[in-house]
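S.K.: Here is how the chains run, residue by residue.
There are 2 protein chains.
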Amino acid sequence: MKKVENPPKEAWLALTKRPQFEQEELTKLVQFILNDVKRNKDKAIFKYTEKFDKVALQELFVSTSEIDTAMTSVSESLKQAINIAKANIEKFHASQNSVEAVIETTEGVSCWRKNVGIDKVGLYIPGGSAPLFSTILMLGIPAKLAGCKEIILCTPPNKEGNIHPAILYAANLVGITKIFKVGGAQAIAAMAYGTETIPQVYKIFGPGNQFVTKAKELIQQDGTAIDMPAGPSEVLVIADTSGIPSFIASDLLSQAEHGADSQVILVSNDAAILEQSLSEVQKQLEVLPRKEIAQKALENSKAILLRSVEECFEFSNQYAPEHLIIASENASDYAALVQNAGSVFLGNYSCESAGDYASGTNHTLPTNGYAKNHSGVSLESFQKKITFQKLTKQGLQNIGPAIEIMAEAEELQAHKNAVTIRLNSLKNV
Amino acid sequence: MKKVENPPKEAWLALTKRPQFEQEELTKLVQFILNDVKRNKDKAIFKYTEKFDKVALQELFVSTSEIDTAMTSVSESLKQAINIAKANIEKFHASQNSVEAVIETTEGVSCWRKNVGIDKVGLYIPGGSAPLFSTILMLGIPAKLAGCKEIILCTPPNKEGNIHPAILYAANLVGITKIFKVGGAQAIAAMAYGTETIPQVYKIFGPGNQFVTKAKELIQQDGTAIDMPAGPSEVLVIADTSGIPSFIASDLLSQAEHGADSQVILVSNDAAILEQSLSEVQKQLEVLPRKEIAQKALENSKAILLRSVEECFEFSNQYAPEHLIIASENASDYAALVQNAGSVFLGNYSCESAGDYASGTNHTLPTNGYAKNHSGVSLESFQKKITFQKLTKQGLQNIGPAIEIMAEAEELQAHKNAVTIRLNSLKNV
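Heads up: the protein sequence lines correspond to chains A and B, in order.
Sequential numbering from 100 applies to the first sequence in the working numbering.
Sequential numbering from 100 applies to the second sequence in the working numbering.
No lab work stands behind these hints, which were simulated from the structure alone.
Heads up, a few of these hints could be off.
[As the list claims (entries may be wrong)] The calculated DSSO-like cross-link candidates involving lysine-lysine, where the alpha carbons are at most 30 Å apart (straight line), are:
no. : chain 1 : residue 1 : chain 2 : residue 2
1   : A       : Lys401    : A       : Lys382
2   : A       : Lys127    : B       : Lys127
3   : A       : Lys484    : B       : Lys248
4   : B       : Lys484    : A       : Lys484
5   : A       : Lys213    : B       : Lys190
6   : A       : Lys140    : B       : Lys492
7   : A       : Lys153    : A       : Lys258
8   : B       : Lys178    : A       : Lys382
9   : B       : Lys108    : A       : Lys142
10  : B       : Lys190    : B       : Lys137
11  : B       : Lys116    : A       : Lys137
12  : B       : Lys116    : A       : Lys140
13  : A       : Lys213    : B       : Lys219
14  : B       : Lys142    : A       : Lys108
15  : B       : Lys219    : A       : Lys484
16  : B       : Lys213    : A       : Lys484
17  : B       : Lys390    : A       : Lys219
18  : B       : Lys127    : A       : Lys492
19  : B       : Lys150    : B       : Lys243
20  : A       : Lys178    : B       : Lys492
21  : A       : Lys190    : B       : Lys492
22  : B       : Lys243    : A       : Lys116
23  : B       : Lys213    : A       : Lys219
24  : A       : Lys492    : B       : Lys178
25  : A       : Lys137    : B       : Lys213
26  : A       : Lys248    : A       : Lys185
27  : B       : Lys137    : A       : Lys127
28  : B       : Lys248    : A       : Lys116
29  : B       : Lys401    : A       : Lys137
30  : A       : Lys116    : B       : Lys219
[Claimed, not checked] Example chain B residues on the side facing chain A (calculated, C-beta under 10 Å, incomplete):
no. : residue
31  : Pro118
32  : Gln122
33  : Gln375
34  : Ser378
Beta carbons are placed, not taken as given, at the ideal position from N, Cα and C, and that holds for glycine.
The following block holds chain A by itself, in its conformation from the complex (with noise of 0.2 Å):
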């Protein structure tokens, strides 16, 4: 990790930015599959899927009798701590659901909202050696909830052909069983668009690499949403005096060791703390499994000693981090301080580690300064939220007269006549 000693204002900008990369030849090759699967559907599934996965499928719908062998293959332990994780996923999410009230904005004038959850949605899981099942929680959990009416699943299959038990486990304990065998562009491709297998969806969540991310942006401009743009994972960590170094070094490592991409910064008001985080993160990553990347992602990570913990949060506000933990015995005072984070870690025994499995708490969250302006996935990510207004005779006539001297300094007459006509018509009556 790079230690910068209080660096001037003038010098914030550049710590906070993220690493650019160039994407002409990605959009290009992405654009190319996305029309081949809009084109030629199924085929070209079966094409990419042979070309990317190396696998040649018979069928992209995963079978009943595949879910059930799962579920016999993950261990009993494995399953409980699921079992866990989702009761608390569950149980933070469902109280995202309000039911609000009709406002009468004036007599005889009623509006309301009503959430609808989003009528088709389609979850995107990566693959790789390891099965994140943990990321079928976190979106199938809030797209049940919200009352979507199809949620499908999307995965890539293993050189067999085969997805991991613990993802089919997952969705199925969720309630998910339409889940197809495709991964990469052409998997949002498929749910964008449709096939003859694939339904098409209204909105697309989840992580992936490259391709999967720049095929969600693409994909926007035909109509189908997506939960929020991406970049790589990060953590920011503040710590004050009372922060404990090897618990530090632990959650630093936690984010590191996602991708050799994976921004990880350490702030501190304690020379020391940060000093001695620095060498317990040398220590600990010496027996991680997955050391290579870990180093590569702390070769592009900071260490920054700033003059007090309000300067602190007024950089961390302006990095606007995915995951922000205050690694502070104080830090329930000083969560007023945060103004721009996804998700935030209180105290010395809140590791992110929590928030990514099992605390309750959704880790589906803006990365790249994204969390400026966007939320993290919630319930309300599956759902609409529809404007009603009725309007008594009475509440045309009371407010209808300004309704009529707005539209016409708009010069939109037939706006104002759309009230005319009504309120003639009382006045004749």
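Put chain B on the given structure of chain A with help from the hints.
M.R.: What follows is chain B alone, placed relative to chain A:
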């Protein structure tokens, strides 16, 4: 309007399609303007304002004396009308502010969310012959209520270099004082990248022509958020036997007068109501100042006879209209059938123009079928929801083992370590 009688369901998809436009040339032109403003800042702004708005400005910033002059030149009756609208919009949007409970998902594990206003937001108000001051209320009021610290407004000057007094009055009324004389794609670029005069913002709101819409679409790739994707404005009216043809016609026309590309659809299960509404449209059209525009919009519009009210709602949900008027005495009973719509107007006295101006609901709504996966602008559009969590020692002991098992199964050892190191420290106490 094109009349369609009892179309088979296979034909519905075509009937719900919006016209598509080729955008390649537009994209190139707008991208050029964006890049130019990003590089040359104010200099580029002055250049494009001279080119497109035909005025060589000395200053972009609207001065206090210009605002003061506007205050006195708006009629008292318009001021009063705007004040009535403001009160209703404020009342409804203030009711959207929620303080959420802290949820203890497991003993010692507390999770909650906090609404925080987006620091810096930019509002865009189009120019043209008429001053669209109503949109300032719809965007400025929730921005203020949300606690956004910096709210700026961009709107193009007329050929004399002035902004219409009604715009300045409405802006001043809602507390917006940073107003800049700039329109088109160059205004969006200025707010996305910042110039010497115009501050950079994190999210941009507001309607506009195709250049503005394209610019908003493109600047998202550089990290600026926008309110929602946009298309031409639209209304769908569902009328049953208790609908009133002259009212229905006035609503169809108030949508049609917006622009030649406006989408206007009437569906009914009553052939007589449909027929009478169509002749009322012809009658009312004759006296409209914007007759030519409305007529063009009506050429692309449809009046569809269906077999039942339920079928009307099925069609409407597939179309997903921006505005849905339920022209029926039983509108409230039907409200539950609405699955996809931006804003719904219940009953014969709830005309769309009520919601456009003064009932209290927002008029910035999803068009182009986006009501399937987007909500209209609300207080939340100007906020982020930040999640917080706090685990006590006991809390970590309660869920820690589950996290360890899940992290191990996802092969993320450092995630597990962050828990283990803390649990071990507690064993040693």
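S.K.: Work down the list of hints and note, for each, if the structure agrees.
M.R.: Each hint, compared with the structure:
Distance hint between Lys401 of chain A and Lys382 of chain A is fulfilled; the C-alpha atoms sit about 17 Å from each other, no more than 30 Å. In summary, the hint linking Lys127 of chain A to Lys127 of chain B is supported, as the alpha carbons are separated by about 16 Å, within the 30 Å threshold. Taking the CA atoms of Lys484 of chain A and Lys248 of chain B, the gap is near 25 Å; set against the 30 Å cutoff, the hint holds. At roughly 16 Å between alpha-carbon atoms, Lys484 of chain B and Lys484 of chain A fall within 30 Å of each other, so this suggested pair holds.
Taking the CA atoms of Lys213 of chain A and Lys190 of chain B, the gap is near 17 Å; set against the 30 Å cutoff, the hint holds. Between Lys140 of chain A and Lys492 of chain B the alpha-carbon distance is near 52 Å, which puts this suggested pair outside the 30 Å criterion. Using a Cα cut-off of 30 Å, the hinted pair Lys153 of chain A and Lys258 of chain A holds, with the two alpha carbons roughly 6 Å apart. Between Lys178 of chain B and Lys382 of chain A, the direct Cα distance comes to roughly 69 Å. Violation of the 30 Å bound is thereby established for this hinted pair.
In summary, the hint linking Lys108 of chain B to Lys142 of chain A is supported, as the alpha carbons are separated by about 27 Å, within the 30 Å threshold. Straight-line distance between C-alpha atoms of Lys190 of chain B and Lys137 of chain B comes to about 39 Å, which puts the hinted pair past the 30 Å bound. The hinted pair formed by Lys116 of chain B and Lys137 of chain A meets the criterion: a straight-line CA distance of about 17 Å does not exceed 30 Å. About 21 Å separates the Cα atoms of Lys116 of chain B and Lys140 of chain A, which keeps this hinted pair within 30 Å; it holds.
At most 30 Å may separate the alpha-carbon atoms for a hinted pair to count; Lys213 of chain A and Lys219 of chain B meet this at roughly 28 Å. The straight-line distance between the Cα atoms of Lys142 of chain B and Lys108 of chain A is roughly 27 Å, inside the 30 Å bound, and the hint therefore holds. The straight-line distance between the Cα atoms of Lys219 of chain B and Lys484 of chain A is roughly 24 Å, inside the 30 Å bound, and the hint therefore holds. Of the supplied pair hints, the one linking Lys213 of chain B and Lys484 of chain A holds, its CA atoms being roughly 19 Å apart against a limit of 30 Å.
For the given pair, Lys390 of chain B sits about 40 Å from Lys219 of chain A by alpha-carbon distance, which is inconsistent with the 30 Å threshold. Among the hinted pairs, Lys127 of chain B with Lys492 of chain A is inconsistent with the structure: their alpha-carbon atoms are about 51 Å apart, more than 30 Å. Restraint check: the Cα-Cα separation between Lys150 of chain B and Lys243 of chain B comes to about 34 Å, which exceeds 30 Å; the hinted pair is violated. A distance of roughly 24 Å separates the Cα atoms of Lys178 of chain A and Lys492 of chain B; the hinted pair therefore holds under the 30 Å criterion.
Our distance criterion of 30 Å between C-alpha atoms is met by Lys190 of chain A and Lys492 of chain B, whose separation comes to about 21 Å. Straight-line distance between C-alpha atoms of Lys243 of chain B and Lys116 of chain A comes to about 29 Å, which keeps the hinted pair within the 30 Å bound. Simply put, Lys213 of chain B and Lys219 of chain A have alpha-carbon atoms about 28 Å apart, close enough for the 30 Å limit, and the pair holds. Restraint check for Lys492 of chain A and Lys178 of chain B: the C-alpha separation of about 24 Å stays at or below 30 Å, so the hint holds.
Only pairs whose Cα atoms come within 30 Å are accepted, and Lys137 of chain A paired with Lys213 of chain B is rejected, the gap being roughly 41 Å. Of the supplied pair hints, the one linking Lys248 of chain A and Lys185 of chain A holds, its CA atoms being roughly 20 Å apart against a limit of 30 Å. Taking the CA atoms of Lys137 of chain B and Lys127 of chain A, the gap is about 24 Å. The hint holds against a cut of 30 Å. At most 30 Å may separate the alpha-carbon atoms for a hinted pair to count; Lys248 of chain B and Lys116 of chain A meet this at roughly 22 Å.
For the suggested pair Lys401 of chain B and Lys137 of chain A, the alpha carbons sit about 29 Å apart, so the restraint of at most 30 Å is met. The straight-line distance between the Cα atoms of Lys116 of chain A and Lys219 of chain B is roughly 18 Å, inside the 30 Å bound, and the hint therefore holds. Because the beta carbon of Pro118 of chain B sits about 13 Å from the nearest beta carbon in chain A, more than 10 Å, this interface hint is broken. Against a cut-off of 10 Å between C-beta atoms, the interface hint on Gln122 of chain B holds, since the closest Cβ of chain A lies about 9 Å away.
Because the beta carbon of Gln375 of chain B sits about 14 Å from the nearest beta carbon in chain A, more than 10 Å, this interface hint is broken. A cut of 10 Å between beta carbons decides the hint on Ser378 of chain B: the least distance to chain A is about 15 Å, and the hint is violated.
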